[in-house]
Amino acid sequence: MGTLGAATAIQASYFIAAALFIFGLKRMSSPVTARSGIVWAGVGMVVATLITFLTPGMSNYGLMTVAIGIGGIAAWVTGRRVAMTNMPQMIALYNGMGGGAAGAIAAVELFSGEVHGVSVLTLGVLGGIIGAVSFSGSLIAFGKLQGLIKRSFRFRGQNFANLAILALTIITGALIVVNGGSAVQTQVIVLFTVALALGVTMTLPIGGADMPVVISLYNALTGLAVAFEGFVLNNAAMIIAGTVVGSAGTLLTQLMAKAMNRSLGNVLFSGFGETAAAGATGPAGTLKAIETADAAVMLGFSEKVIVVPGYGMAVAQAQHKVWELCQALIARGVTVKFAIHPVAGRMPGHMNVLLAEAGVPYDLIYDEAEINSEFETADVALIIGANDVVNPVARTDKSSPIYGMPILNADKAKNVIVIKRGQGAGFSGIENALFYLDHARMLYGDGQAKAAELVQAVKAL
Amino acid sequence: MIDGFIALYIFMLAAFTGYEVIARVPVILHTPLMSGSNFVHGIVLVGAMVAMGRAEGPLELTIAFFGVALAAGNAVGGYAVTERMLEMFKSSKGAAKPKGTH
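Here the protein sequences come in this chain order: D and U.
Counting in my numbering, the first sequence runs from 1 upward without gaps.
Counting in my numbering, the second sequence runs from 1 upward without gaps.
Just so you know, the hints here were simulated from the structure itself, not pulled from any lab data.
In this text the structure is predicted, and so the values were computed from the model without any measurement.
Positions of the beta carbon are idealized from the N, C-alpha and C atoms, including for glycine.
One or more of the hints may lead you astray.
[Said to hold, decoys possible] Which stretches of chain U does chain D cover? Using the computed rule of at least three CB atoms under 8 angstroms from a CB of chain D, they are: (1) 13-22; (2) 31-41; (3) 53-61; (4) 77-91.
If we strip away everything but chain D, and leave its shape as in the complex, we get (with noise of 0.2 angstroms):
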């Protein structure tokens, strides 16, 4: 094949390849095609990649061949095996990953000095800022869900801190771009070091439930970064599928934090839990327990059984029983609905792939807005592990920090179950109210345990 026919093929494979990733993600928005979606999109990934092996005027193919299979075949592995309660830092993982791969394309060809122009260079500096933000942030994030970080480094100042090494940042890159991009080696190891340092210090303030919209972002931000080395590499294919994850992830990024009430702001530059404290008195009543039995009789002769589940069940591995207790209801004719709150898992739609990972169908599975309404006509709601997304005071109580986040109406049922280990207070420290409603019962004990105890009551009965 002469050059102008690689050429040619090349371009042609980059041009089916974003149409694939576009024909992908549409195809990835409905449950029924999803799966084909990302089949699609793998298409156009390998063809691709396959293609670009005919670039004109390339060398180090074996070393770019080892490459590919170490990264590859790592990432095969570790992906194959993750359980689903570690997706979220998993895909942070990945995500920084693609970060660090559009950085270090920065860096080489910065180095090769032969980036020319003022917007090329421009944008070229920019990806890599954020492209390293991205991976080091990132990696950050995965430490913090893996628990590997554990605390969360607040000092005075942090802002101001944060502030001055991006002001730091901003400089290096535009004494590059001035310069014309004739390789001065050292002002880009500067560069990429305040970034990377910028990317550490501006995520580990951020406290582990606010980690999935900072994940999001990261991954919006990746995208950007991939898309702005696309126009320094003149790679159409970069260009177009980085800006598409970029604006989608910006906007799946503000659809998580509109759904746990925080705006990206707050995320970003404040601590949960800081202005709390004050305010909110503790609910008013006693906590009712309820046995196995009672609690199986109640179900059982049910009509309607709306369960909303949340990351408790996940953590206590109760979701294989807890579908095992509806099949054993639904056998015997009550009506059962999944309730699931954005944040119920530990990203928004992380509670469906776990429920859906212990075979419950997609159809029995509501989210906030369907289902609302539905709670007044339940006999039962049943919480297995969620608390504040079932917290009332987040419609009545001003004073309260999580006041004005959209909850789930549980408290409207005309009976409330709550499985529930002890008497603590959920993720954000605060009581919950619904738990001391009149018509509410306390099941205590183990998530598995006890859905499994209610699997045999209800059979029995």
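Following the hints, position chain U against chain D.
Same frame as chain D, now just chain U:
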């Protein structure tokens, strides 16, 4: 060669496309979708390959090597986890065989 304004047009249209494609997505798919879009920016692999193909000297080559390895990790890992998650989504009308029940 993609010059100035053409590049801007591509950028603008792609940005709207990304927004529109995601705008109608139900919450239940947010996690797989984030993972899926994470996979899509794995296209950075082709850029890393091109950069490595023309890298010269040990410093450039080392950085490019890491770039390609990381990019491959992004693409392959993103695919592996997204496919695994989406594969589990089943309708009760289809074969909703409970997996992992003891």
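*Which numbered conditions among the earlier hints are violated in the structure presented, ordered from lowest to highest?*
Violated: none.
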